[in-house]
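Chemist: If you want the building blocks of each chain, they are given just below.
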Amino acid sequence: MAFSPEGEYVRQTRSPLRRPTAAGWLLIGCGLFFVLMLLVLPLVLIVSAAFASGWRLFTDNLLDADMLAAIRLTIWVALLTVPMNLIFGTAIAWCVTRFSFPGKKLLLAFLDTPYAISPVVAGLCYLLLYGNQGWLGGWLDERGIQVMFAWPGIVLVTMFVTSPYVARELIPLMQAQGSQEEEAGVLLGANAWTLFRRITLPNIQWALLYGTVLTTARAVGEFGSVAVVSGSIRGQTNTLSLQVQLLQQDYNSVGAFTASLLLACIALLTLFLKTLLEYRQAKNSPP
Amino acid sequence: MKRSHRVLPGFRLSLGLSVLYLSLIVLLPATMLVWQAGQVSWPELVFYFTDPRLLASIRVTFFAAACAALCNALLGLLLAWILARYDFPGRKLADTLIDLPFALPTAVAGLTLSTLFAQNGWIGKLLAPLGIEVSFTITGIILAMTFTSLPFVVRSLQPVIEDLSPEYEEAAECLGATRTQIFFRVILPTLIPALSMGTALALVRSLGEFGAVIFIAGNKPFATEVVSLMIYTYIGEYAYEAAAAVAFFLLSVSLLILLIVQLLQWRFRPRANT
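Quick mapping for you: the protein sequence lines, in order, are chains A and B.
Mapped onto the numbering used here, the consecutive letters of the first sequence carry residue numbers 1 to 287.
Mapped onto the numbering used here, the consecutive letters of the second sequence carry residue numbers 1 to 274.
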């Protein structure tokens with residue numbers, strides 16, 4: 001409990017950290033033991049296993065044609081998924097936080113469905129829709145467009161599994177910020193684009209960036225749903241995650257861990273950016 | 001309902017875009033699953049769901065997911081507690097690393113954990129003399145599920161523990177409560193809503209987990225096969241109806257768990273606020 005200099009009551013949002021007692025140190029020891037075992041050791045193992053047979057074999061595996069194709073496809077999928085998700089996330093966050101309309105709760109419930117759906121089930125849904133016997137699949141097939149077992153299918157399922165990510169970052173923030181600033185902008189005669197560019201965007205930029213980071217991480221690493229729709233054609237429809245499995249099945253441990261190392265680097269970069277963005281966000285909006 | 005005049009622009013555009021995207025990307029494919037599952041006749045359904053291999057996989061999945069959720073509840077409580085309460089060297093780093101399971105692709109997690117806990121792996125080597133096998137057993141499945149859903153409980157509890165006002169604990173201490181009493185009678189009840197929500201999310205995630213599990217499970221029929229792998233196998237055999245039926249079952253259970261917890265939250269909320 002605290003009071004501001006003006007004498008208003010301010011609710012302290014964070015109780016101060018304490019110096020641990022003896023029992024506290026015991027708990028910290030236990031906690032850090034698990035963090036070490038489950039989170040740190042795996043990362044160390046990935047690096048060590050990728051370089052287990054020397055630098056040479058690592059680069060050989062990295063520059064392998066199938067590996068390069070997998071890297072290219074993975075980047076391509078992320079490049080297509082992330083902007084779509086950004087547009088959708090911003091649109092849905094704008095309409096549910098700035099307007100009230102019937103069916104809003106339902107829209108939000110549908111937004112969360114991908115969280116409850118197992119990745120394999122997500123892949124199955126797309127297979128049923130775009131597969132040869134699917135409603136859209138047959139129609140598209142006649143026109144020579146192949147969605148399943150090709151990159152469009154991979155992009156579509158990735159869009160499915162990542163769809164709530166940006167919206168779920170933006171909605172709480174935009175709800176907390178309220179719409180007064182935008183309303184003032186309208187009264188001062190700003191048009192929609194100016195309003196978005198000058199008022200909304202600066203307010204949500206860090207959350208937007210954070211959503212982008214999360215979406216990218218998931219898009220790059222998605223496995224289950226992609227495994228169903230990709231058909232795993234070597235050098236063509238294999239993403240980096242699938243390449244990990246393929247190489248492991250080939251008993252190429254160095255190769256599997258080389259691909260893993262690339263993905264782990266992206267994961268660590270994600271964590272780093274997340275920490276940085278949270279710090280920026282905390283600095284920009286004092287409680 | 002009276003249509004109020006909207007001051008801010010972009011309602012139609014943003015709503016239109018959201019509904020279009022959600023319909024095309026999420027609802028239409030999900031509807032296909034429900035429709036396909038609806039095509040399955042009763043005798044077929046009975047046939048699928050009496051297959052001992054499928055039943056074994058359902059048992060394995062539910063057992064492992066329940067164990068993983070329990071592990072997560074305990075471990076998550078411990079981690080959230082130390083991160084929110086104590087100042088110790090390495091706290092920031094540990095706090096950042098908690099999100100690793102969400103950032104790390106599940107295939108990488110599965111591969112790494114199975115190598116780490118294999119008989120000749122770094123940790124497996126230490127456990128083998130004790131007679132504990134992890135990789136290619138149900139313990140491995142539990143481990144993989146615990147790993148991939150670790151952040152749920154920690155991240156739902158952490159803000160709640162940070163926001164606990166110290167007055168209640170101080171009052172309890174003044175009234176002569178012991179530390180154990182304070183924890184179980186004062187602190188834990190306020191954490192229950194967040195704890196149950198986090199555990200439910202972890203449970204749902206574990207039920208559907210695929211990538212991490214298949215690397216470590218060994219996937220022996222009747223012993224270490226999970227439901228999501230069964231669905232994957234059905235798809236590989238072009239048995240789309242069986243796949244849809246089982247997928248619909250899995251989805252219904254997940255939604256039911258989330259619904260129950262949501263209802264419990266509403267039940268708990270007034271008490272938590274007062």
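Please note that the accuracy of each hint is not assured.
[Stated by the list, open to error] Below 27 Å or equal to it, Euclidean Cα-Cα: the simulated DSS-like pairs (lysine-lysine) are: (1) 274(A) - 92(B); (2) 92(B) - 283(A); (3) 220(B) - 125(B).
[To be verified] Derived DEER-like restraints, expressed as beta-carbon distance ranges: (4) 55(A) - 55(B): 31 to 39 Å; (5) 90(B) - 281(A): 20 to 28 Å; (6) 24(B) - 22(A): 54 to 62 Å; (7) 141(A) - 20(B): 53 to 61 Å.
Derived from the structure by calculation, the hints contain no laboratory data.
Don't be surprised by glycine CBs; every beta carbon is placed ideally from N, CA and C.
Chemist: Compare the structure with each hint and give your call.
Modeler: Structure-based check of each hint:
| no. | hint | verdict |
| --- | --- | --- |
| 1 | 274(A) - 92(B) | holds (13 Å) |
| 2 | 92(B) - 283(A) | holds (17 Å) |
| 3 | 220(B) - 125(B) | holds (22 Å) |
| 4 | 55(A) - 55(B): 31 to 39 Å | violated (50 Å) |
| 5 | 90(B) - 281(A): 20 to 28 Å | holds (23 Å) |
| 6 | 24(B) - 22(A): 54 to 62 Å | holds (58 Å) |
| 7 | 141(A) - 20(B): 53 to 61 Å | violated (24 Å) |
In the structure shown, a violation is registered for the earlier hints numbered 4, 7, in ascending order.
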